[in-house]
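Protein chains: 4
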Amino acid sequence: MKQDASADLAMRQAGLRRAYAGVRACSMQLIAGLSAEDCMVQSMPDASPVKWHLAHVTWFFETFLLEPAETGFQPFDPAFRVLFNSYYVGVGERHPRPARGVLSRPALDTVLAYRRDVDLRMDALMDSAQPADVLNLIELGLHHEQQHQELMLTDLKHHFWCNPLHPVLDSAPRSAGPVGPLRWLPLAGGVLEVGYGADGFAFDNERPAHAVWLAPFELASRPVTQGEFLAFMADDGYRRPELWLSDGWDACMREGWQAPLYWWRDAQGAWQTYMLHGEQAPEPHVPVMHLSYYEADAYARWAGARLPTEQEWECAARAGLAAGSGEVWEWTASAYLPYPGFRQAAGAVGEYNGKFMINQMVLRGGSMATPSGHVRPTYRNFFNPAARWQFSGLRLARDSARGEQVCSPAPA
Amino acid sequence: MKQDASADLAMRQAGLRRAYAGVRACSMQLIAGLSAEDCMVQSMPDASPVKWHLAHVTWFFETFLLEPAETGFQPFDPAFRVLFNSYYVGVGERHPRPARGVLSRPALDTVLAYRRDVDLRMDALMDSAQPADVLNLIELGLHHEQQHQELMLTDLKHHFWCNPLHPVLDSAPRSAGPVGPLRWLPLAGGVLEVGYGADGFAFDNERPAHAVWLAPFELASRPVTQGEFLAFMADDGYRRPELWLSDGWDACMREGWQAPLYWWRDAQGAWQTYMLHGEQAPEPHVPVMHLSYYEADAYARWAGARLPTEQEWECAARAGLAAGSGEVWEWTASAYLPYPGFRQAAGAVGEYNGKFMINQMVLRGGSMATPSGHVRPTYRNFFNPAARWQFSGLRLARDSARGEQVCSPAPA
Amino acid sequence: MKQDASADLAMRQAGLRRAYAGVRACSMQLIAGLSAEDCMVQSMPDASPVKWHLAHVTWFFETFLLEPAETGFQPFDPAFRVLFNSYYVGVGERHPRPARGVLSRPALDTVLAYRRDVDLRMDALMDSAQPADVLNLIELGLHHEQQHQELMLTDLKHHFWCNPLHPVLDSAPRSAGPVGPLRWLPLAGGVLEVGYGADGFAFDNERPAHAVWLAPFELASRPVTQGEFLAFMADDGYRRPELWLSDGWDACMREGWQAPLYWWRDAQGAWQTYMLHGEQAPEPHVPVMHLSYYEADAYARWAGARLPTEQEWECAARAGLAAGSGEVWEWTASAYLPYPGFRQAAGAVGEYNGKFMINQMVLRGGSMATPSGHVRPTYRNFFNPAARWQFSGLRLARDSARGEQVCSPAPA
Amino acid sequence: MKQDASADLAMRQAGLRRAYAGVRACSMQLIAGLSAEDCMVQSMPDASPVKWHLAHVTWFFETFLLEPAETGFQPFDPAFRVLFNSYYVGVGERHPRPARGVLSRPALDTVLAYRRDVDLRMDALMDSAQPADVLNLIELGLHHEQQHQELMLTDLKHHFWCNPLHPVLDSAPRSAGPVGPLRWLPLAGGVLEVGYGADGFAFDNERPAHAVWLAPFELASRPVTQGEFLAFMADDGYRRPELWLSDGWDACMREGWQAPLYWWRDAQGAWQTYMLHGEQAPEPHVPVMHLSYYEADAYARWAGARLPTEQEWECAARAGLAAGSGEVWEWTASAYLPYPGFRQAAGAVGEYNGKFMINQMVLRGGSMATPSGHVRPTYRNFFNPAARWQFSGLRLARDSARGEQVCSPAPA
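Residue numbers (my numbering), protein chains in the order written: chain S, 43 to 454; chain D, 43 to 454; chain Y, 43 to 454; chain A, 43 to 454.
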């Protein structure tokens, strides 16, 4: 029996080794077409330079994997411990987030050398058999890097948007193709399971699996489109306080919102949108994105509907009914809070998700910038309700028209 | 049958008429011992002058009851429509909240005359039989005034605290008596009902009643005491970031928190607390209050426990197990969001609660400043997690030690 | 000889005693028509409540005169030492300026009792012969109170302006009568004396008298009128950045200035102005006021002229040519800096003026709110260039048309 | 005669052509050792990226020289007109100053190509004889570029300081050598001339030459040293409000100043300073720099002296008595205001200096980063009194001990 477990571990390690090579290579592909200068821009405190992302995900492996494992551990550069720590208080000091853009040194070339150095040392680490907890950390590190791959594109879009030249990145992912007409999918309620309960990888915030009680509801068959959102705008959606949450209306007034982020009117008064691959007119049948929670919520109220809760969304996704997800992150009506029975991991890694469980709303799904394989029904993304620079849209929900249950979702 | 309904209505109207007289008189008792100057202080944008509260609750009756009902309606003063509107966009313009403290005119005497005038006109209104929806609005207005009665004391405490003289209000309510030792009350889970489903009065945010699924849990028999909180402080609770939510730690650093609000060290280094009825040393066996959500959450983590969700709290309260509630508001782990099936009332009154359902956490219970009769198991109070000037404390909860526990709470 | 000096002193003391009674009574007349609530408003950090002014000027006498002189000195209330200290670091702690409006206690009645108590004790002090330095301090205290008399009206105007009811103070001073056509008064330059060099009272910032060299210049015979300023407004003066200093334009954009402070458009689009004695249309022939330095400077540039320096202004005033002064304070082109040879007085009183000599511009003249006897050619008023709530206007100057001009100013 | 003037012009043009080549080459030498990433950092809104400086000074020549002169003018890139306009409202829109750091595009290489292109076109322009006003603009452009050469180093120091790695620029200028003991140089007063009245180049703010009257005074023979400033620090200079202007004390408290900018304590508690060429301990006999006006003023008060006025400084400099100047800019006691008779140039170039004549104090002298040939007795530098990132120190002055004149300065 022990031998079997050992063989399983070995097989898992081999798989992770392949995944490591793949994920790390993927980060490098993302920066094709970017100059060292491009990789250094920080257009706002919330958005980090691409170079910083590249170094930070590498710091994760060096700090949490190599440092405990290597005999006579020598860091690539001792200063990187502080420079590329994001928020792990348990690891020590951090370079202030709004000042990540001043780091012309280390140069991008040095950061790339750092990546290669850590890759070699990780290779060496994986030359010998590792226990399950080390494999778990490697897996966490890879999912962590995948998260930052999406953020690199998300942040870069904001950086480039702030440059009046609106630079174009040819290799940037295109937006989704058009979606079809909206249908309302009825879902039965009852006591259902949500959260991740299987053996594979999931972030701590997706655990534990637990029961919830849901009333019957209906979910839209696809996200709201740009064309639908234009109708909201044309109906004075941005000028009617009765459609908005109070904090949302304040934000709308304070920031002067008149359209989603990255939209502007051209000289002829027509709306244009900035995409990493170029400027273009809105596409009526493509999901709208770059909305804050406030805008998503106001739209839903205007449409006579509401946002789904994250539990509703997840039950529908498990039932295979959230088609079209994967194009935009979808704001849900749920605050980002710990699941019942949530346990924080020990040590600095435990800071990963738990300490942010306040003042944020959950998004579900995934966007065209989300690495493939990183989308799953239990995945919880989360941002402040005023955030607009994510690839964030919405999907409508509504209470079941008929109180009685219509059809049952697939078993959990 | 129709006659019966009519008789019921008449009886209800008679009851409301008595309640109206009582609630309105209660507001007047609250300002005994306060000068016109005292009633005008505004120490921060979040806290309104007492005079403003007195006028605003009166404005509610004039605007929502008298204006639609009186033939040839003449306002007491047309300017009051703007001056004493809190946030009802549907009613029109509002005087800016941070500038309520500049309103030396109307004088307190004028506001009291306004109260008397509206009371007479409300009396006249209640001389004739009113339909149910008018009675509903009167009832809402009375509960609204009761809310503001607590706020008058809450805000006044902050106003007076900002005056180095620390004025004393002899008629202010005393803090609670001492509570006993903490016991853990086990509660079974299952599908339970929360929310207000009966016929009587409840705010819109308490409705509709709906089912939730709860895992078994344990709830503390009483709130955390000042003595317990002093132990947290002595154990460096305000200096250990690992105990805090990230936003909480930022607030703690930014504001320099070292103790609950209204606590300071005297010349000998001993803690003192400011109460409306005077200064005093902390009372070890009395519930601690004037905590933000962040402090409550950090305390719970330090204590190896957690905050209850509002559903857990409510189920325990229905089971009669939340003893000691009514002394301090208790932060729960639940974000303030609409209940499944929540419906906003039509018209400006519908702005009452719905548009604030974001960025706030729910408090349950009630404080020694809450008017008697205003405490009920389904009541949802809500504030920003950084707010400390409310009479806000906490009660601990924890997951059930034995997963299999099935003991049932007392029937609701 | 000694006897003569002694007799002079006695005579001076007798004069000061009469002045004391007069100045103190004048402060009480100012508050006729104001309620205790009115006297407590603080509409912005820069403007203090009337009650605070009344107490602070009294604090000056208690702290600087009575405390050193009275045997076994007992303060009226020990807390007042902190509460009513404006900015004298040498005296100890101060209540924070922006929070002066929260001081409902002490009540206005208590402050008036404080005034009477200090008046009696000052009377007792003046019953016995006092040395010159004590008399100097009394004189300083009286001029100090006169400064605050103007500030009481200045600040009150801002307090009342922030109340949408625009309260009226019947006893408020009226604006000046109309002025005549503008004439240009030629003044010769040369080495001239400015500053106060005589024996009587002057503030430290007016001393010492010293020589300056002035080129010949011309000064307008009277301040700029509201009618002239309306022409500037009609000519897009508030929308042409080339007329403005860079910091001024930033302020204009940030604050949305479109007219002097206290001006607004009525429902018909006509300009109205708020005066303490009531609302009224602009008066074309009356000096314009409530301008910032930036607006005054922009107007002068638009008019093809410039502001006079304070030295030019003073030389003209000494020559009797600044007719019309006394209606509005007039911004000069001079920064508020120490005169050559300026010496700060010893002790806390020395903080009076010196430590503010940065980031401010000098105003000369006086306004209709300036106490009579408080206007003199050497008087230096000073405010931040963005300040608009003072009774501040401007007078034009220009370089002498003929460089060689040597005509002497008209005899004083 | 006309031929002579023409020959003079031709000679002047030839000289300017040589100067153009030299000044432009000098900018390129400054960036030796800097990467494209280094040239892009913007560490605060007040400090621009090196790349932006390089482009902006080039924009000046393209906009003010080439655009009016070239037939069928085609800009190098039309977008640069907005991107590299600093503050010339007359030229049109500007990219917001705080966002200059986001401009990864155009790349540094593109900016260098822009420089080469404009250099070729300027060469072509100077191939034909140009009238005097064109030559004047070229000369202005060269002095403008020299100003920005100093700013490149000044800003770069701040950018690099904000990087915890404290990058070193080998080619950076060293600080001055040690200075000798302080001597007091007596200067007579009287009517003296200041300002630039000769034929050569000077900025508009140095003109016109005009008379001033100065009392006799004494000036220190050299700037204050780091050793002297350490004595001020050791004597609690940063903790004694009585030494400071009121606004200065506020800034000191708000910013937590304890030493000049770029000083910090090492692990042993010893002061270290950051220089572009490396970290080092303070040098006792070298002038102190990176002081705000507030610190310079507090030091002078502590030392029982004062800052000189800019007129005093200039008279001493003309007399050859301001030895040691050229190491640090020296704060003077003078506000930056127009000279009597100041005239703004016509057109956008006229915005150069005049519109900043408010809220700033004058510095005189020059620093080790000032291009040689850019230091002259009439030069007026100016910054906000809180600015510390310039190479700014101070020199003491005091009133003449003996009222009578001691010795005469050299004739103006």
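By construction, these hints were calculated from the structure, which means they are not laboratory data.
You may find that some hints are simply not true.
A pair holds if it fits inside one copy or across any two, identical chains being indistinguishable in the list.
[Unchecked claim] Pairs of lysine to aspartate or glutamate, DMTMM-like flavour, derived with a Cα cap of 20 Å:
id: 1; residue 1: K397; residue 2: D88
id: 2; residue 1: K397; residue 2: D292
id: 3; residue 1: K397; residue 2: D308
id: 4; residue 1: K397; residue 2: E321
id: 5; residue 1: K397; residue 2: D46
id: 6; residue 1: K397; residue 2: E135
id: 7; residue 1: K397; residue 2: E112
id: 8; residue 1: K397; residue 2: D278
id: 9; residue 1: K397; residue 2: D119
id: 10; residue 1: K397; residue 2: E284
id: 11; residue 1: K397; residue 2: D175
id: 12; residue 1: K397; residue 2: D246
id: 13; residue 1: K397; residue 2: D161
id: 14; residue 1: K397; residue 2: D165
id: 15; residue 1: K397; residue 2: D289
id: 16; residue 1: K397; residue 2: D50
id: 17; residue 1: K397; residue 2: D241
id: 18; residue 1: K397; residue 2: E109
id: 19; residue 1: K397; residue 2: D212
id: 20; residue 1: K397; residue 2: D159
id: 21; residue 1: K397; residue 2: E325
id: 22; residue 1: K397; residue 2: E270
id: 23; residue 1: K397; residue 2: D151
Verification of the hints:
no., hint, in the structure
1, K397 with D88, "within (17 Å within a copy, 27 Å between copies)"
2, K397 with D292, "between (27 Å within a copy, 12 Å between copies)"
3, K397 with D308, "neither (43 Å within a copy, 33 Å between copies)"
4, K397 with E321, "neither (38 Å within a copy, 36 Å between copies)"
5, K397 with D46, "neither (38 Å within a copy, 58 Å between copies)"
6, K397 with E135, "within (17 Å within a copy, 40 Å between copies)"
7, K397 with E112, "neither (29 Å within a copy, 55 Å between copies)"
8, K397 with D278, "between (38 Å within a copy, 19 Å between copies)"
9, K397 with D119, "neither (28 Å within a copy, 48 Å between copies)"
10, K397 with E284, "between (34 Å within a copy, 9 Å between copies)"
11, K397 with D175, "neither (22 Å within a copy, 46 Å between copies)"
12, K397 with D246, "within (12 Å within a copy, 32 Å between copies)"
13, K397 with D161, "neither (30 Å within a copy, 51 Å between copies)"
14, K397 with D165, "neither (32 Å within a copy, 54 Å between copies)"
15, K397 with D289, "between (23 Å within a copy, 8 Å between copies)"
16, K397 with D50, "neither (34 Å within a copy, 53 Å between copies)"
17, K397 with D241, "neither (24 Å within a copy, 41 Å between copies)"
18, K397 with E109, "neither (24 Å within a copy, 50 Å between copies)"
19, K397 with D212, "neither (37 Å within a copy, 43 Å between copies)"
20, K397 with D159, "neither (31 Å within a copy, 53 Å between copies)"
21, K397 with E325, "neither (38 Å within a copy, 32 Å between copies)"
22, K397 with E270, "neither (37 Å within a copy, 24 Å between copies)"
23, K397 with D151, "neither (34 Å within a copy, 44 Å between copies)"
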